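Let chain A serve as the given structure and place chain B on it in line with the hints.
Chain order of the listed sequences is A and B.
Numbers 5 to 48, taken from our numbering, label the letters of the first sequence in order.
Numbers 9 to 141, taken from our numbering, label the letters of the second sequence in order.
Bear in mind the hints are in silico, worked out from the structure with no lab data behind them.
Every value quoted in this text rests on a predicted model; they were computed, and no experiment measured them.
Glycine is no exception: its CB is placed at the ideal position from the N, C-alpha and C atoms.
Some clues are possibly wrong.
In silico SDA-like cross-links for lysine to any residue, where the CA-CA straight-line distance does not exceed 20 Å [claimed, not checked]:
(1) A:Lys9 with A:Thr19
(2) A:Lys38 with B:Val33
(3) A:Lys9 with A:Lys36
(4) A:Lys9 with B:Ala139
(5) A:Lys38 with B:Gln21
(6) A:Lys36 with B:Asn26
(7) B:Lys71 with A:Lys38
(8) A:Lys38 with A:Gln17
(9) B:Lys71 with B:Asp59
Chain B regions said to be covered by chain A (calculated; three or more residues, Cβ under 8 Å) [to be verified]:
(10) 41–47
(11) 112–123
Negatives, chain B to chain A, calculated, CB over 10 Å [unchecked claim]:
(12) Glu20
(13) Asp23
(14) Thr53
(15) Thr58
(16) Pro132
(17) Asn134
(18) Ala139
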Amino acid sequence: MKIEKKIIQELGQLTVLDNNNNATPLASLWEKQKTVLIFVRHFG
Amino acid sequence: MICRRQVVDIQEQMDTFNQLNVRIVVIGNGFPNFIEGFRNDTGYTGDLYTDPSLKSYQLLNFKNSVSSLLGFKTIKSAVHALSTGYLQKGIQGDALQQGGVVVIDSAGVPVYFYANSEAGDHAPLNDIIQACS
Numbered sequence: 005m006k007i008e009k010k011i012i013q014e015l016g017q018l019t020v021l022d023n024n025n026n027a028t029p030l031a032s033l034w035e036k037q038k039t040v041l042i043f044v045r046h047f048g
Numbered sequence: 009m010i011c012r013r014q015v016v017d018i019q020e021q022m023d024t025f026n027q028l029n030v031r032i033v034v035i036g037n038g039f040p041n042f043i044e045g046f047r048n049d050t051g052y053t054g055d056l057y058t059d060p061s062l063k064s065y066q067l068l069n070f071k072n073s074v075s076s077l078l079g080f081k082t083i084k085s086a087v088h089a090l091s092t093g094y095l096q097k098g099i100q101g102d103a104l105q106q107g108g109v110v111v112i113d114s115a116g117v118p119v120y121f122y123a124n125s126e127a128g129d130h131a132p133l134n135d136i137i138q139a140c141s
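Excised from the complex, chain A in its bound form (with noise of 0.2 Å):
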């Protein structure tokens, strides 16, 4: 499976949540050194 550089581009400018509830931009996670994002289903 591919996917485009566009997609990942759209992906950095969303946010996620941290515990405390803060937004992080998901680009920041990455802008250091390669990053393996792992989605999970859900936190069950």
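Leaving out everything else, chain B in the frame of chain A:
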């Protein structure tokens, strides 16, 4: 039970990822106050976030349907998860939402992508490590 097992498997390889200078980020879709419970249950020490809006899941085109819940791989990994002690507790988040993995380099270029086909289907750990090497 199934998604926890995946995170435990990742945790076991954390030294490998650290040596490769790769950051591991787990993203769920439940409420933020469930993050610590998930960390305690899995022993996961890496970054942990949540996207209750599901926008990131939708952008990556991860499946969200009843048909993706049950299939052969679901049963196979449920047996594996049960046999290794990872019972599913209450579901926090969208029960129909599937996940996946994307590896992104520091220039924002995707070097690996995997969308789960059904519950219990995960990116092979060796493929993730290879994409990080």
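Next on the checklist: Checking a non-interface call: every C-beta of chain A should be farther than 10 Å from the C-beta of Thr58 of chain B. Is that right?
Outcome noted: Non-interface label on Thr58 of chain B violated, nearest chain A Cβ at 5 Å vs cutoff 10 Å.
key: Status of the stated non-contact between Ala139 of chain B and chain A (beta carbon gap over 10 Å)   = Violated: least Cβ distance 8 Å, not greater than 10 Å.
Would Asn134 of chain B pass as off the interface with chain A, using Cβ distances and a cut of 10 Å?
-> 13 Å, holds
Checklist entry - If you draw a straight line from the CA of Lys71 of chain B to the CA of Asp59 of chain B, is it 20 Å or shorter? => result 15 Å, holds
Practice problem: Measure nothing beyond the straight line between the CA atoms of Lys9 of chain A and Thr19 of chain A; if it is 20 Å or shorter, mark the hint as holding. | Solution: 18 Å, holds
field: Hint consistency between Lys36 of chain A and Asn26 of chain B [alpha-carbon to alpha-carbon, up to 20 Å]
entry: Roughly 14 Å between the alpha carbons, so the hint for Lys36 of chain A and Asn26 of chain B holds.
Measure nothing beyond the straight line between the CA atoms of Lys38 of chain A and Gln21 of chain B; if it is 20 Å or shorter, mark the hint as holding.
-> Given pair Lys38 of chain A, Gln21 of chain B holds - Cα atoms ~16 Å apart, limit 20 Å.
Decide if the proposed pair is consistent with the structure: Lys9 of chain A and Lys36 of chain A, CA atoms, cutoff 20 Å inclusive.
Holds, at roughly 17 Å.
Interface exclusion of Thr53 of chain B relative to chain A, criterion Cβ beyond 10 Å
14 Å, holds
_Assertion that Asp23 of chain B lies outside the chain A interface [Cβ separation over 10 Å]_ = Holds, because the least Cβ-Cβ distance between Asp23 of chain B and chain A comes to about 14 Å, which exceeds 10 Å.
Worksheet item: Straight-line Cα separation of Lys38 of chain A and Gln17 of chain A no greater than 20 Å?
Response: Answer holds: Lys38 of chain A to Gln17 of chain A is near 17 Å, not above 20 Å.
Task: chain A versus Glu20 of chain B - minimum CB to CB distance exceeding 10 Å, so not interface - done: Nearest chain A Cβ is 14 Å from Glu20 of chain B, so the label holds.
Hint compliance for this structure: hints 7, 15 and 18 are broken, all remaining hints hold.
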